[in-house]
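Let the hints inform the model, and build the full structure from the sequences given.
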Amino acid sequence: AQSVSQHNHHVILSEAASLELGCNYSYGGTVNLFWYVQYPGQHLQLLLKYFSGDPLVKGIKGFEAEFIKSKFSFNLRKPSVQWSDTAEYFCAVNAGYGGSQGNLIFGKGTKLSVKP
Amino acid sequence: DAMVIQNPRYQVTQFGKPVTLSCSQTLNHNVMYWYQQKSSQAPKLLFHYYDKDFNNEADTPDNFQSRRPNTSFCFLDIRSPGLGDAAMYLCATSSPKQGLRNNEQFFGPGTRLTVL
Numbered sequence: 027a028q029s030v031s032q033h034n035h036h037v038i039l040s041e042a043a044s045l046e047l048g049c050n051y052s053y054g055g056t057v058n059l060f061w062y063v064q065y066p067g068q069h070l071q072l073l074l075k076y077f078s079g080d081p082l083v084k085g086i087k088g089f090e091a092e093f094i095k096s097k098f099s100f101n102l103r104k105p106s107v108q109w110s111d112t113a114e115y116f117c118a119v120n121a122g123y124g125g126s127q128g129n130l131i132f133g134k135g136t137k138l139s140v141k142p
Numbered sequence: 040d041a042m043v044i045q046n047p048r049y050q051v052t053q054f055g056k057p058v059t060l061s062c063s064q065t066l067n068h069n070v071m072y073w074y075q076q077k078s079s080q081a082p083k084l085l086f087h088y089y090d091k092d093f094n095n096e097a098d099t100p101d102n103f104q105s106r107r108p109n110t111s112f113c114f115l116d117i118r119s120p121g122l123g124d125a126a127m128y129l130c131a132t133s134s135p136k137q138g139l140r141n142n143e144q145f146f147g148p149g150t151r152l153t154v155l
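Protein chains in written order, with our numbering: chain A, 27 to 142; chain B, 40 to 155.
Because the hints were derived from the structure by calculation, they are not lab data. Incorrect hints may appear among the rest.
DEER-style ranges, computed between Cβ atoms [unchecked claim]:
#1 V51/B with S139/A: 25 to 31 Å
#2 Q68/A with G55/B: 28 to 34 Å
#3 K91/B with P142/A: 45 to 51 Å
#4 K56/B with A43/A: 45 to 51 Å
#5 F93/B with S96/A: 34 to 40 Å
#6 D92/B with A42/A: 45 to 51 Å
In silico DSS-like links for lysine-lysine, alpha-carbon gap of 27 Å or less [what the hints assert, rightly or not]:
#7 K97/A with K83/B
#8 K83/B with K75/A
#9 K137/A with K83/B
#10 K137/A with K77/B
#11 K134/A with K83/B
#12 K77/B with K134/A
#13 K141/A with K87/A
#14 K95/A with K83/B
#15 K77/B with K75/A
Some residues of chain B that are not near chain A, with every Cβ distance over 10 Å (derived) [what the hints assert, rightly or not]:
#16 T65
#17 R118
#18 A125
Beta carbons: idealized from backbone N, C-alpha and C, even for Gly.
As C-alpha cells, then:
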C-alpha cells in the first residue's frame with residue numbers, strides 16, 4: 027500500500043534559520059506530490075505541488091520543494107523562516123488510478139514552531 | 040470569497056447517538072471528499088463523490104455514510120458513533136478539469152467531533 031512518511035514530528039527553529047522538512051513516499055510508479063500547510067486555527071491550504079517537469083518547485087511564501095525520484099523524496103525547504111511560518115505541514119501523494127486517482131495519501135504532519 | 044464551509048465547527052454527541060456533519064461549497068467543484076483526522080495522525084480519506092457517483096474507501100466502516108443532495112452540499116452521517124470516532128472531520132473539494140490526479144484539493148476548516 028502507498029504510504030507517506032514525514033520524519034520530524036516537531037521542529038523548533040529561531041527566526042531566520044533555514045528549514046528542511048523531510049517527506050518520503052512508497053510507490054514505484056508516477057506520482058503527484060503536494061505540501062499542505064495548516065496555520066493555527068485555519069484550514070489546510072496548498073503550499074506547492076509537483077506533477078511533472080522541473081523537480082524543483084516553488085510555492086507560496088518563499089517555500090520550495092525538490093522531487094528526487096531515486097530517493098522517493100519530496101523535501102520542503104525555506105532559506106529563512108519567519109515567526110508567521112509557525113504551522114503544521116503535511117506532505118501528500120496522489121498515486122491512485124481509476125476511481126481512486128483523486129485520492130490523497132497524507133503524512134502525519136510536522137509541526138513547525140518558530141521562535142521570534 | 041469562494042470557499043468550503045463546514046458546520047458545525049464543534050460537535051458533541053453521545054455514544055451511539057446518530058450525528059450528521061455538514062459541508063457546503065461555493066466553488067462549484069464536481070468532487071467532494073470527506074477525511075477523518077485523529078489526533079497526531081494523518082488525514083485519512085473516508086469517501087468521495089464525483090458528481091453523484093459515490094466512491095467508498097475499502098476500509099471505511101459501514102457506520103459512516105454520506106449524502107450529496109446537490110453540487111453544493113455534502114453530508115457525513117455517523118449512524119452509531121463510538122468513542123473511537125472522535126476526530127476532526129475534514130471536507131474538501133476539487134475540480135477535475137486537468138484530471139483528478141493533478142488537482143488541488145480545497146479544504147474546509149473541519150468539524151471536531153467529541154463522543155461522550
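> Quick check: which numbered hints come out false for this structure?
Replying inline: As far as the earlier hints go, not one is violated by this structure.
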